[in-house]
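S.K.: Take a look at the letters that make up each chain.
Number of protein chains: 2
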Amino acid sequence: MENITENLADKLKEYAINGDYPFHMPGHKRAPLDSFLNNAYRMDITEISGFDDLHHAEGVIQSEQNVCAQLYHSESAHFLINGSTCGILAAISAVSSWATLKDTLLMCSNAHKSVYHAVQICRLKTMFLDPEETSIPSLYAQIEPKQVQRILEQSFDKIVGVVITSPTYEGVLSNVEEIAKICHLYKIPLIVDSAHGAHLGISTYFPKSAIEQGADIVITSLHKTTLSLTQTALLLTNYGLDEGLMEYLQYYLTVYQSSSPSYILLYSISRCVELLRLSGEQRLNELRMALSNFYAKVSLLKKLKVLTKEDFETTFDDSKIIISTKHANIKSQELFDRLREEYHLVLELVSIEHVVAIVTMMDSGKALDGLANALITIDSELDYTLDQGNLSSYNRKREFAKTIFEALNDEREELLLKHALGRVSAQYLYLYPPGIPLVIPGEVIHSDLLEIVNCYQINGLSVLGPASKESNYIKVLCETKLT
Amino acid sequence: MENITENLADKLKEYAINGDYPFHMPGHKRAPLDSFLNNAYRMDITEISGFDDLHHAEGVIQSEQNVCAQLYHSESAHFLINGSTCGILAAISAVSSWATLKDTLLMCSNAHKSVYHAVQICRLKTMFLDPEETSIPSLYAQIEPKQVQRILEQSFDKIVGVVITSPTYEGVLSNVEEIAKICHLYKIPLIVDSAHGAHLGISTYFPKSAIEQGADIVITSLHKTTLSLTQTALLLTNYGLDEGLMEYLQYYLTVYQSSSPSYILLYSISRCVELLRLSGEQRLNELRMALSNFYAKVSLLKKLKVLTKEDFETTFDDSKIIISTKHANIKSQELFDRLREEYHLVLELVSIEHVVAIVTMMDSGKALDGLANALITIDSELDYTLDQGNLSSYNRKREFAKTIFEALNDEREELLLKHALGRVSAQYLYLYPPGIPLVIPGEVIHSDLLEIVNCYQINGLSVLGPASKESNYIKVLCETKLT
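Taken in order, these protein sequences are the chains called F and C. Residue numbering for the first sequence follows this note's numbering, beginning at 1 and increasing consecutively. Residue numbering for the second sequence follows this note's numbering, beginning at 1 and increasing consecutively.
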């Protein structure tokens, strides 16, 4: 056979000795946490006697899940080896089976694509909660409890469950406590996608977790902000969850996860929970000190701006460092690239007018000093500009002609995006990260979508579709043009 | 917090230095294949620039998938990090969306539970293909092409796709070539669950693979019989697959897999494909020699019997070593335990009248000699018995009152299994391994089910239900008793 020019395994080996500093996921920051994995193949076992079965846990896995539940103040914890993705699919499938006579999910419009996927699989209708705006047009903020109240008042008899994201990718938290109270008045379960909040609930120096605030089902990614390997997550349930709903949850976790779960991933969850239990609070308290120093330093920036709690009308988890380029004569992509190339600091995300660094308990004060100093130096070389004249908001009201399920199963054709105005989308378009769809199947394509896609593209951000990688094209339903 | 008495991580570390020999999965047999994983946390990255994106592969991952497709004689290969499970879910969801006006899956009744889960998610009706019987009552054999022909003739206009398992857990292959031809006459896609056949298609000393025989979509577990880490698998598609169906496949692979795929799992796939490409054929040719010696030796057994190709009316992959206890005065569980305790040989599976050892290219002639010698010694201490008087067959005709989807979403109550005769099941019951359901939601409970469950239980095999671990109980639908 021919020679392979590129090989993933070799590239990964090479990258392991690369000196870039990761201000991005995973949260363990590639530190040699444990020499266990020196022996990975040796420990990559199957369900042999004594090692329990993730899908019917009653031995060592169950006893660790109990310890984990206690750590996170939840009634139960389920280890996930297919990421938060499978937890989201399982939670929505479960409420949908449980409330079988209802047909609508009330969800935040800035949900991760897995929420939309679950809606499609479960053939649900949707009602949307739109996040509040911030000073940065592409940065979504919190869901207001009064919005939830208004919709449930009118439509509680149709709604299988409520799904919100808190914290968001950028660390913005909603008032889960109030929202949970409203949901419980109507006996509707509240599911919170806390993929970015696995470090919450451990130290009082950081915001309360969604479980502590009364959410019924919480999904959280251990790898994003704590110490486990990528693709590991938790599904947590709160006290008093209906038993029938719990049975559906357990069933669907079996459906959406491999029947041959990786003991290497389970190992890393086990070790992560132990480290959090023994030293998580102390590590997070130290991180609070380091963050305080960092935010004091960067308050001196003149053109770049690091957002602080004062910039939000809601709780903000400032272990997400959001750097705005709105009033500096530098594009966000250029800032990202300069930090990487000149300072070997690799950030997590670039958006239109901001970049994000993810900081975890594995980051030292020294690393944060390095980031602060780099920002101060770059800032000193920039000029102040007025707003760069992008859109005032990337928030869109979605209008639907079909459910996601219907639209995915209908006849479709491919058009140039600019010719698709007024047509019904038969596909998703999204940025990754963060993986929040810009348009979803069944949605009517309005001009604001075209403007937003255009804005991302001229800023060098790639908008991803499904099979076709040509993001200038979109699949739409074959039918007479809607207006 | 309290001390934990058991900790999975520590147990795994301990097991890594245990001296038991694994005649079970994973196929890498816990050999230190690669020192890479010494550095696992260091290489556990996210989709940083240059490392491609599993869900939109166009760089290094795509180039490796192409190499893998070539190795397996398929048109495309997709790396899976949520096991064969996600490949099965994606394949059935895809044919179901693609053939949206049809509503029935034609499937083998000995399918893995993930096939039944897909049926439920996609709200499909089912028609069943029953495997032929063998001399061992609990051992399923092949699906006959004429059965497929008979059903498609009558019902082709309802059927979204055909799903069979080949090879089975025990290495029995169906005539996929004939079955594929029949399916193609009716333009119906053939999906083959080849989870246990990732070593096929590489050496001519072993049976042909399902792809080589013309199946349209094949799912295979790399970790079961080749060299990758547990939870890794491939979805392969054959030449000429409809483009629309391919798009649905790609979409559903995104749905059922974590949006944060593990680069450690991807690394192990990359390394596995490379090893198979460079030395797979040679390793398998050597295994053929070792197996020939093994089968010659064990042909001398008097009471135990190791099944050979002559025991099947179809192709048999003899890298699965099936040891029958049917005519020996030893129970299969006792044989399994003696091999483990006295010889440190750990086999894969115990059934009522047989045990199974899984042999891969990582097993040496010496290891096989050890197994042969142990069997010869044990055999010399046993007496010949007549058939132990279990059931004559574990094959059951399933009768349905509801679809799986309907039954899972209906009102249910819990009964003692023995009181559930004539009722409609609202749950699954299965043995794991192999994870083939004994009863599924919507199925009418007949006396043969009770006999089979009883038989497994008196033989010390545990029958698993979903939430309730009490396998004497079963959830049934709340309605008037059917007869």
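Be aware that a few hints might be false.
Identical copies go unnamed one by one, so any copy, or any two together, can satisfy a pair.
[What the hints assert, rightly or not] Listed next, the in silico SDA-like pairs over lysine to any residue satisfying Cα-Cα at most 25 angstroms (straight line):
id : residue 1 : residue 2
1  : K13       : L278
2  : K13       : S49
3  : K125      : E58
4  : K366      : F400
5  : K402      : G244
6  : K208      : S109
7  : K102      : A374
8  : K397      : E133
9  : K102      : Y295
10 : K158      : F405
11 : K331      : G50
12 : K331      : I48
13 : K11       : G59
14 : K13       : Y430
15 : K102      : T403
16 : K11       : E58
17 : K125      : F405
18 : K11       : R42
19 : K331      : S49
20 : K13       : E58
21 : K366      : I48
22 : K397      : E212
23 : K13       : D410
24 : K13       : L71
25 : K102      : E479
26 : K302      : E334
27 : K13       : A31
28 : K11       : T46
29 : K331      : T385
These are calculated hints, taken from the structure and not from any lab test. Everything numeric in this text was worked out from a predicted model, so none of it was measured.
S.K.: Hints first: check each against the structure and report whether it holds.
M.R.: The hints, checked one at a time:
1. K13 to L278: between (31 angstroms within a copy, 19 angstroms between copies)
2. K13 to S49: between (34 angstroms within a copy, 15 angstroms between copies)
3. K125 to E58: The answer is neither: 37 angstroms in one copy and 34 angstroms across copies each exceed 25 angstroms.
4. K366 to F400: Neither: 50 angstroms inside a copy, 66 angstroms across copies.
5. K402 to G244: For K402 and G244, only the inter-copy Cα distance (20 angstroms) is at most 25 angstroms; the intra-copy one is 31 angstroms.
6. K208 to S109: within (23 angstroms within a copy, 49 angstroms between copies)
7. K102 to A374: neither (53 angstroms within a copy, 60 angstroms between copies)
8. K397 to E133: Classified as within: same-chain Cα gap 13 angstroms, cross-chain 59 angstroms, threshold 25 angstroms.
9. K102 to Y295: Classified as neither: same-chain Cα gap 47 angstroms, cross-chain 60 angstroms, threshold 25 angstroms.
10. K158 to F405: both (18 angstroms within a copy, 20 angstroms between copies)
11. K331 to G50: between (56 angstroms within a copy, 22 angstroms between copies)
12. K331 to I48: So K331 and I48 pass the 25 angstroms test across copies only (20 angstroms; inside, 54 angstroms).
13. K11 to G59: This pair counts as between: shortest inter-copy Cα distance 12 angstroms, intra-copy 39 angstroms.
14. K13 to Y430: So K13 and Y430 fail the 25 angstroms test inside a copy (31 angstroms) and across (42 angstroms) alike.
15. K102 to T403: Close inside one copy (15 angstroms) and across copies (19 angstroms); limit 25 angstroms.
16. K11 to E58: Only across copies: K11 and E58 sit 15 angstroms apart there, 40 angstroms inside one copy, limit 25 angstroms.
17. K125 to F405: Result: close both inside a copy and across copies, 9 angstroms intra and 18 angstroms inter.
18. K11 to R42: Close inside one copy (23 angstroms) and across copies (13 angstroms); limit 25 angstroms.
19. K331 to S49: between (57 angstroms within a copy, 18 angstroms between copies)
20. K13 to E58: between (38 angstroms within a copy, 20 angstroms between copies)
21. K366 to I48: So K366 and I48 pass the 25 angstroms test across copies only (23 angstroms; inside, 45 angstroms).
22. K397 to E212: neither (31 angstroms within a copy, 50 angstroms between copies)
23. K13 to D410: neither (45 angstroms within a copy, 52 angstroms between copies)
24. K13 to L71: For K13 and L71, only the inter-copy Cα distance (24 angstroms) is at most 25 angstroms; the intra-copy one is 35 angstroms.
25. K102 to E479: between (29 angstroms within a copy, 21 angstroms between copies)
26. K302 to E334: within (18 angstroms within a copy, 77 angstroms between copies)
27. K13 to A31: both (15 angstroms within a copy, 19 angstroms between copies)
28. K11 to T46: between (28 angstroms within a copy, 13 angstroms between copies)
29. K331 to T385: within (11 angstroms within a copy, 82 angstroms between copies)
Going down the numbered hints, you'll see the structure goes against 3, 4, 7, 9, 14, 22, 23, while the others check out.
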